[in-house]
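**Q** As a plain string of letters, each chain reads:
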Amino acid sequence: MAQITHGARKLRLGLAAVTAACAIVLGTAVPASAALRTYKISATLGCGGALLQGTTYRPHAQADGPATIKLTSHRYWRDFWELRVGLRVGGSQTTQSLEFKPTSRTTHTFRTARGSTSLPTARYATNSRVNFTPDGRCAGLPPTYSADHRL
Amino acid sequence: MRGVAALLALALVGATSTACTSEPVDAEEYVDHDEYVLLYREAVADFPERLPEGVTFPADPPPFEDGLIGAGNGAGMAYFHWNCAWMDVYLSASPGDPLRAEALAELRRWPGTEWAVEFYDDPGGVWDATLDKAELGDLTTLRGFYEADCAYYRSVEAR
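Each protein sequence line maps, in turn, to chains A and B.
Numbered continuously in our numbering, the first sequence closes out at residue 151.
Numbered continuously in our numbering, the second sequence closes out at residue 159.
You may find that some hints are simply not true.
[Said to hold, decoys possible] A few chain B residues facing chain A, derived, Cβ under 10 Å:
hint, residue
1, 64
2, 129
3, 132
[Unchecked claim] Below, in silico cross-link-like pairs of lysine to any residue (SDA-like), each with a Cα-Cα straight-line distance of 25 Å or less:
hint, chain 1, residue 1, chain 2, residue 2
4, A, 101, B, 133
5, B, 133, A, 115
6, A, 40, A, 100
7, B, 133, A, 100
8, B, 133, A, 70
9, A, 40, B, 60
10, B, 133, B, 156
11, B, 133, A, 35
12, A, 70, B, 125
13, B, 133, A, 107
14, A, 40, B, 113
15, A, 40, A, 107
16, B, 133, A, 120
17, A, 101, A, 63
18, A, 70, B, 114
19, A, 40, B, 139
20, A, 101, B, 66
21, A, 40, B, 116
22, B, 133, A, 63
23, A, 40, B, 114
24, A, 40, B, 159
25, B, 133, A, 105
26, B, 133, A, 38
27, B, 133, A, 64
28, B, 133, B, 123
29, A, 40, B, 151
30, A, 40, B, 67
31, A, 40, B, 128
32, A, 40, B, 122
33, A, 40, B, 48
34, A, 40, A, 105
35, A, 70, B, 112
36, A, 101, A, 115
37, A, 40, B, 34
38, A, 40, B, 118
39, A, 70, B, 113
It should be emphasised that the hints constitute simulated quantities derived from the structure, not laboratory data.
Where is the CB? At the ideal position from N, CA and C, for every residue including glycine.
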């Protein structure tokens with residue numbers, strides 16, 4: 001079991017961070033098998049639909065199998081909003097974005113830009129945003145989700 | 001303006017924390033591209049690890065395409081550059097070359113670096129297992145990490 005350390009990070013809050021609201025990305029990791037691991041992640045997204053690119057990186061070996069995400073809870077979502085989530089290596093998202101209703105509790109599989117479920121060996125971070133069409137205003141608090149992320 | 005912004009952000013963080021009391025959470029700060037570059041430059045100016053001979057940090061981190069990015073990515077890109085440089089040394093050296101042992105020692109330090117302790121999540125010890133395999137002669141996984149994670153390093157170092 002990993003020790004997840006929440007160190008004393010210097011508080012640096014730019015204006016951009018304010019306009020997009022705050023966000024949470026964390027992990028408690030539960031080894032699921034000898035190969036893939038399941039991370040319990042949680043995030044708070046901005047109301048304006050801004051793409052939020054997380055900092056927590058997790059390793060994935062191609063031979064281990066497909067990487068997936070399965071939502072376990074959501075709060076403060078408007079009916080017509082969808083979650084859009086992808087995986088990033090360094091500064092660039094390398095998977096297609098998955099897009100689904102936050103009410104979904106099915107397992108969604110990440111795919112490469114070419115559509116393969118076999119992701120290259122890499123250390124991945126999560127990109128996520130609210131994908132909405134006509135109205136990005138929050139109904140109250142910023143929308144959140146929790147998920148089992150298998151990588 | 002900045003003071004007001006900070007207060008607003010703190011209020012939002014507080015609201016979010018209240019909403020998520022059942023979960024172990026770590027508030028992540030997000031910054032725009034300019035601040036991300038600034039954080040990278042600050043990290044590079046005071047970088048605690050040793051780069052291989054002949055390798056320097058690029059002036060700027062890899063650009064990101066859109067939106068906001070977690071503040072830890074600024075320093076993170078410096079740590080990835082350092083890590084990629086030592087992967088390069090390891091993968092380029094011949095078996096038995098003392099450089100390999102030196103590079104391996106540096107690569108083994110990755111999970112314990114100041115940045116990785118906070119932002120790298122590897123409960124299964126994938127990184128250590130990768131290095132163990134490499135030491136036994138199987139470079140497949142290490143080469144995979146190098147090829148995917150080090151695209152920016154390879155472009156700036158022309159590797």
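**Q** Give a verdict on every hint.
**A** Hints and how they fare:
Given hint, residue 64(B) at the interface with chain A, holds; its Cβ is 4 Å from that chain's nearest Cβ, closer than 10 Å. For residue 129(B), the shortest C-beta to C-beta distance to chain A is roughly 9 Å, which falls under 10 Å, so the interface hint holds. Of the supplied interface hints, the one on residue 132(B) is violated, with its beta-carbon coming no nearer than about 13 Å to a beta-carbon of chain A, more than 10 Å. Restraint check for residue 101(A) and residue 133(B): the C-alpha separation of about 41 Å exceeds 25 Å, so the hint is violated.
Of the supplied pair hints, the one linking residue 133(B) and residue 115(A) is violated, its CA atoms being roughly 29 Å apart against a limit of 25 Å. Between the alpha carbons of residue 40(A) and residue 100(A) the distance comes to roughly 19 Å, so the proposed pair stays at or under 25 Å and holds. At most 25 Å may separate the alpha-carbon atoms for a hinted pair to count; residue 133(B) and residue 100(A) exceed this at roughly 38 Å. Proposed proximity of residue 133(B) and residue 70(A) is contradicted: the alpha carbons are some 31 Å apart, above 25 Å.
With a C-alpha separation of about 33 Å, the suggested pair residue 40(A) and residue 60(B) falls outside the 25 Å cut-off, and the hint is violated. Under the criterion of a C-alpha separation no larger than 25 Å, the hint pairing residue 133(B) with residue 156(B) is inconsistent with the structure, at around 28 Å. Between the alpha carbons of residue 133(B) and residue 35(A) the distance comes to roughly 15 Å, so the proposed pair stays at or under 25 Å and holds. Proposed proximity of residue 70(A) and residue 125(B) is supported: the alpha carbons are some 23 Å apart, at most 25 Å.
Note on residue 133(B) and residue 107(A): the hinted pairing is violated, with a Cα-Cα distance of about 31 Å set against a maximum of 25 Å. Distance check on the hinted pair: residue 40(A) and residue 113(B) sit about 23 Å apart at the alpha-carbon level, within 25 Å; holds. Only pairs whose Cα atoms come within 25 Å are accepted, and residue 40(A) paired with residue 107(A) is accepted, the gap being roughly 14 Å. Between the alpha carbons of residue 133(B) and residue 120(A) the distance comes to roughly 18 Å, so the proposed pair stays at or under 25 Å and holds.
Between residue 101(A) and residue 63(A) the alpha-carbon distance is near 30 Å, which puts this suggested pair outside the 25 Å criterion. This hinted pair does not check out: residue 70(A) and residue 114(B) have alpha carbons roughly 31 Å apart, beyond 25 Å. For the given pair, residue 40(A) sits about 30 Å from residue 139(B) by alpha-carbon distance, which is inconsistent with the 25 Å threshold. Of the pairs offered as hints, the one joining residue 101(A) and residue 66(B) holds, with about 22 Å between alpha carbons and a cut-off of 25 Å not exceeded.
At most 25 Å may separate the alpha-carbon atoms for a hinted pair to count; residue 40(A) and residue 116(B) meet this at roughly 18 Å. Distance check on the hinted pair: residue 133(B) and residue 63(A) sit about 14 Å apart at the alpha-carbon level, within 25 Å; holds. Among the hinted pairs, residue 40(A) with residue 114(B) is consistent with the structure: their alpha-carbon atoms are about 23 Å apart, no more than 25 Å. A C-alpha spacing of about 37 Å is found between residue 40(A) and residue 159(B), which places the hinted pair above 25 Å, so the restraint is violated.
The suggested pairing of residue 133(B) with residue 105(A) is violated, with an alpha-carbon distance near 37 Å, which exceeds 25 Å. Proposed proximity of residue 133(B) and residue 38(A) is supported: the alpha carbons are some 23 Å apart, at most 25 Å. This hinted pair checks out: residue 133(B) and residue 64(A) have alpha carbons roughly 15 Å apart, not beyond 25 Å. The suggested pairing of residue 133(B) with residue 123(B) holds, with an alpha-carbon distance near 18 Å, which does not exceed 25 Å.
Proposed proximity of residue 40(A) and residue 151(B) is contradicted: the alpha carbons are some 29 Å apart, above 25 Å. Distance check on the hinted pair: residue 40(A) and residue 67(B) sit about 24 Å apart at the alpha-carbon level, within 25 Å; holds. For the proposed pair residue 40(A) and residue 128(B), the alpha carbon gap of about 22 Å is at most 25 Å, so the pair holds. For the given pair, residue 40(A) sits about 13 Å from residue 122(B) by alpha-carbon distance, which is consistent with the 25 Å threshold.
Of the pairs offered as hints, the one joining residue 40(A) and residue 48(B) is violated, with about 31 Å between alpha carbons and a cut-off of 25 Å exceeded. A distance of roughly 14 Å separates the Cα atoms of residue 40(A) and residue 105(A); the hinted pair therefore holds under the 25 Å criterion. About 30 Å separates the Cα atoms of residue 70(A) and residue 112(B), which puts this hinted pair outside 25 Å; it is violated. Among the hinted pairs, residue 101(A) with residue 115(A) is consistent with the structure: their alpha-carbon atoms are about 21 Å apart, no more than 25 Å.
Note on residue 40(A) and residue 34(B): the hinted pairing is violated, with a Cα-Cα distance of about 31 Å set against a maximum of 25 Å. Taking the CA atoms of residue 40(A) and residue 118(B), the gap is about 16 Å. The hint holds against a cut of 25 Å. Straight-line distance between C-alpha atoms of residue 70(A) and residue 113(B) comes to about 31 Å, which puts the hinted pair past the 25 Å bound.
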